[in-house]
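Residue numbers (the numbering used here), protein chains in the order written: chain W, 1 to 277; chain P, 1001 to 1277; chain Y, 2001 to 2241; chain A, 3001 to 3241.
Hints in this document: simulated from the structure, not taken from any laboratory. Zero decoy hints are in this set.
Quick list of the computed label-pair ranges, beta carbon to beta carbon: (1) W:T206 to Y:P2206: 37 to 47 angstroms; (2) W:G232 to P:E1079: 44 to 54 angstroms; (3) A:G3237 to W:K137: 45 to 55 angstroms.
From chain W, some residues computed to sit far from chain Y (all C-beta separations above 10 angstroms): (4) V4; (5) G42; (6) R44; (7) F80; (8) A96; (9) I125; (10) I139; (11) G147; (12) D152; (13) R171; (14) A226; (15) E242; (16) A251; (17) A252; (18) Q260; (19) D264.
The list that follows gives simulated cross-link-like pairs (lysine to aspartate or glutamate, EDC-like), each with its CA atoms no further than 20 angstroms apart: (20) A:K3053 to A:E3226; (21) W:K268 to W:D9; (22) Y:K2135 to Y:D2197; (23) Y:K2053 to Y:E2226; (24) W:K91 to W:D264; (25) A:K3053 to P:D1211; (26) W:K137 to P:D1140; (27) Y:K2053 to W:D205; (28) Y:K2053 to P:E1242; (29) P:K1091 to Y:D2137; (30) Y:K2053 to W:D211.
As the structure is a prediction and not an experimental result, all values here were calculated from the model. Quick reminder that beta carbons are idealized off the backbone N, C-alpha and C, glycines included.
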Amino acid sequence: MTDVLTSLDELAARVPDGALVAIPPDYSGCAMAAVRRVIARGARGLHLVGVPSGGLQADWLIGAGCVGTMEAAALTLGEFGLPPRYAAALKAGTIAMKDATCPVIHAGLQAAEKGIPFMPLRGVIGSDLAANRPDWKIIDNPFAAEGAEGGDPILLFPAIRPDVTLFHAPRADRNGNVWVGVRRELMLMAHASRSALVTVETVEDTDFLADPVLAAGTIPALYIDAIAEAQGGAWPVGLAGEYAADRAAIAAYVEAAQTQEGFDAWLKALETEAEAA
Amino acid sequence: MTDVLTSLDELAARVPDGALVAIPPDYSGCAMAAVRRVIARGARGLHLVGVPSGGLQADWLIGAGCVGTMEAAALTLGEFGLPPRYAAALKAGTIAMKDATCPVIHAGLQAAEKGIPFMPLRGVIGSDLAANRPDWKIIDNPFAAEGAEGGDPILLFPAIRPDVTLFHAPRADRNGNVWVGVRRELMLMAHASRSALVTVETVEDTDFLADPVLAAGTIPALYIDAIAEAQGGAWPVGLAGEYAADRAAIAAYVEAAQTQEGFDAWLKALETEAEAA
Amino acid sequence: MSAEILIEAIAGMLHGLRHVAVGANSPIPASAALLARHRSGGRMQVSLLSSRKQNVFTDGGKELFDCAAQGRIDAFFLSGGQIDGQANINLVGVGGYPRSKVRFPGSFGSAYLYFLVPRVILFREEHSPRVFVPKVDFVSAPGTSAPGVYRPGGPHALVTGLCVFDFDRERARFVLRSVNPGHTVEEVIAQTGFEFDVPDHVPETPAPSAETLAILRGPVAEAVSETYPAFVERTWGKAAA
Amino acid sequence: MSAEILIEAIAGMLHGLRHVAVGANSPIPASAALLARHRSGGRMQVSLLSSRKQNVFTDGGKELFDCAAQGRIDAFFLSGGQIDGQANINLVGVGGYPRSKVRFPGSFGSAYLYFLVPRVILFREEHSPRVFVPKVDFVSAPGTSAPGVYRPGGPHALVTGLCVFDFDRERARFVLRSVNPGHTVEEVIAQTGFEFDVPDHVPETPAPSAETLAILRGPVAEAVSETYPAFVERTWGKAAA
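Let's have the full structure, built from the sequences with the hints guiding it.
See the structure below:
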């Protein structure tokens, strides 16, 4: 059963300190408005997983001191470069970084989706990623042809099972089903996680699953723990098909967030403005 | 590039003797009309994989002598019981049966989709399925907690990479994209296979991928080698959302196919009637 | 009435669960799940795999199994061409393998779901020594596993046309819980090919209340008739269907 | 003109391929792929991952990687904050790890795609000893692998603002193929921190023909402008965009 919440603060309260939280990249569906409430409630020690990379929301959470560990294939603000608070935290050693590669993060979530402890994948062998991940293993392929040269080594890595998946989507229906269309990584994240928290542009008084065309792009409510409406909830990174990124706002953020003081002032101004509105 | 073919015989010509052919169960999307052309061309030694089970089309192919090996979690005609030619072939030992279980077939295809040689899965240990599948292995989970009792055994099985996937779907577009809606096992089969051959009720003069709602249920042409129109192509098992099973025709088949002579006569009558039409 | 007693017996085992899934060709388990959902005020999720309306899955054939492995399915139903006293089930065949004397359709997902769904209810209406054997000819899915085998799930009970057994996983043994109205403990013993425990006092399997019968003949019959119209007509008559 | 030379050089490496994929922030590789598609009469499939229109994937973030592993992607592009003479690439950082002096965004899918895509074209416009180093500080993805490691793919060439290198996988070594107009072999040697082979005769990287320029400034500019409007305006002017 999906709880339909009336405030983002209620949603944010369901992200406990220390949780393993899966978040999508900026181009997928980011619950930016909800992330601000997670920051406001003072979350600490989150283990963020970017699926497969992180962007602005990761930088906000890091800047606000919410993050203990970051796992991702990359962190980037695209044309705006390296996320500034992430770069600073790495230098200062105030967060632990688990560098990964995109397909390992996707497949790690697939392992959790399938309830298996690990997944194999080709590639990666001989990279310094593998050398720096004591939780990854390389074994000889048990299905290699008899007498295969070199033992046919293959990478195994553990399932990634988030405590919480948090994202923003265009639409939910009255039963808590969430339409994500071709953004199937959001469905994978919901399947793989103990709990999925979702903000949407709008909750429609209909049943997506009764329509075979809509059903094909829908995450059933079975996997969704709570939804809350948040119009414009992906601002400023934007939501594909709905609204574009607010490049001016991102540029202003990047400029401000070069220092911790600048970030703090930027955040305070943003929330003060929001309260006044 | 998808080839749009003008006849089912051209499609059937792309199913070579000895191929590993993946087919869906009767309730998914069965290319029954195309299967008749595969029979007509005299295919031999096919290795059929029911994803995850087989039904009427498997029985037709077995009855016509096209099948060497059958892999499936089950073969059934639902209320009509065991497929008669399958039952006879098993008794006579004229086909080899590889009994499996549904999730292993799905995950075996996922392994092929991911280009990995094997996949782990929970369960199955201690069943006679595992005892009769020399291609399956049980290893100690390399990620088990230190000193785990009993070594935490886990099943590994090889990828299932079909040479050909053959199915029927409601709609294709002019670019060869195929809409399957929530029947995602058809997408998995297409991803996992070297070649996907598809019959559709209708080819529409549009582009499904340009519509974000249709795109969510669409297999891109990238994975589809050839399509051919076949109105009513799933008769007599039916196509969900389009037309129901023809229970009278299935009942008549089951009665006729209790003997090989009955099957041969039934098939001959069917094709004679089709030619006359 | 006999179907309604079985439905009532099964529904009682589903009380308080979040999500119950039911496979194909299972009208009595489906009716029981829908009765339990009705009693839960609609809070219980029921997935009927052979239904289009009562089935929310959107990720293809693998989703049921993934969903079970994620711990999101609390109860499921399995049956067997043979079932033995250790709750091993045989869905493959009798008399040799692979060239069995009698071949059944196959194991489907049993070898997996039996391990992963916490409460698997075995259901077989035919109660005879042919079905309930000392040892199955082929283990589609074992009733119990060695220590160390990952197994959050397993057999919970066995419901038949004659009686209800509980399954004691520690002892790998069935215990007679109740005998269906019109039948006796002796009859159950005579018709069962495996040994099981018989407590001193074996009650009668309770018949459903008038209130329950009204629910069955009303909303449950209506919901089940989408998938099992013939069963609904046979059990509750044309009016219900 | 300098961008057009690079586009022409890359497009020539894509001739006859069935499917070319291009990652984010890659206007020159994207333009090259679209030029090659134009030359193929539309038979080549081009997937621009940062485009909505030129991207057919419908199975989420994992599909690109699965597609590559299925052997359905013939060419892909990678770059590096550092690239060394064995074609190892570094997308992570310089000066220690994890507390690097200079941190780059991260490895993305390089550690995977470099192994699985048959023809990986390395592209880095800045050609300096800072980028092309004797040995990368961090191996995001290795240029070559030990025998026995499953590796149908790997580096094919390296295209820079100064020149084009081929990569000899057997010898794990770059070979200078051509020098871009306006530059010299000596300049390439001076600006490259790793050793490489210099054949006796090194031609100039060919400039695109008038016909190619018309295609670039017409249909290619139009298709690329969806994703890279600023690049199109800078390269081909407002009219093209």
